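Please model the complete structure; the sequences and the hints are all you need to start from.
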Amino acid sequence: DGGITQSPKYLFRKEGQNVTLSCEQNLNHDAMYWYRQDPGQGLRLIYYSQIVNDFQKGDIAEGYSVSREKKESFPLTVTSAQKNPTAFYLCASSPGPDRLGEQYFGPGTRLTVT
Amino acid sequence: DAKTTQPPSMDCAEGRAANLPCNHSTISGNEYVYWYRQIHSQGPQYIIHGLKNNETNEMASLIITEDRKSSTLILPHATLRDTAVYYCIVRVRTGTASKLTFGTGTRLQVTL
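Protein chains in written order, with my numbering: chain A, 1 to 114; chain B, 115 to 226.
In case anyone wonders, no lab produced these hints; they're calculated from the structure. Please read all numbers here as calculations on a predicted model, not as lab measurements. For glycine and all other residues, C-beta sits at the position ideal for the given N, C-alpha and C. The reader is advised that the hints may include incorrect statements.
Taking lysine to aspartate or glutamate and the EDC-like style, the derived pairs with C-alpha atoms no more than 20 Å apart in a straight line are [to be verified]: (1) B:Lys-213 with A:Asp-38; (2) B:Lys-166 with A:Asp-98; (3) A:Lys-71 with A:Asp-98; (4) B:Lys-213 with A:Glu-24; (5) B:Lys-117 with A:Asp-54; (6) B:Lys-166 with A:Asp-59; (7) B:Lys-213 with A:Glu-15; (8) B:Lys-213 with A:Glu-62; (9) B:Lys-213 with A:Asp-54; (10) B:Lys-117 with A:Asp-30; (11) A:Lys-83 with A:Asp-38; (12) A:Lys-57 with A:Glu-15; (13) A:Lys-71 with A:Glu-24; (14) B:Lys-117 with A:Glu-102.
To give a feel for the contact side, a few chain B residues facing chain A, derived at Cβ under 8 Å [unchecked claim]: (15) Cys-126; (16) Gly-129; (17) Arg-205; (18) Gly-209; (19) Leu-214.
Pasting the structure below:
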């Protein structure tokens, strides 16, 4: 089945540790995105990538880093510099420059930092 | 991107049609209407989109008024699994990859 996978579903870390969230898609989509969602809030864009080896900061990129070495993979690292890392993280992809409004989301990773 | 206005919540009996309205009075000529939904603790799910003609797919129908200032998402036979927050988003279809701006949406509760 084609789709987007995120792992793990739940992740627990101690404060001060970096953590990497996985996002893989087999939809052959060009663009990929990382969003963050806090309880009762909307989605906020962290980073996005339109093509391999290229990515752009979103609205809340501070304390996060990404890479896009392969078309199908877009991992997100939450660094110790992120002040409030506990949140629900969502990865998405979109087919191409003529279908940017269609974004397909993974199941999300719920990160808890204590 | 144009701003949208949706009612905060709606109820619908299972098996009946759910009609979810959205106002987008400042929509531009090249902006499309997109609908997504988010079931609790899951990622948002793309449902349908349209420009000015009515659209239908296996999930829903989208009715856009002639002046394009409002639209209605129709779930023809709502089930309990359709309980979710539904988001109406207006944006251009092409160009540079960018975020989807999810507002507060409509919380649809389907009941027995």
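Violating hint indices (sorted, rising): Numbers 5, 6, 7, 10, 12, 15 and 16, in rising order.
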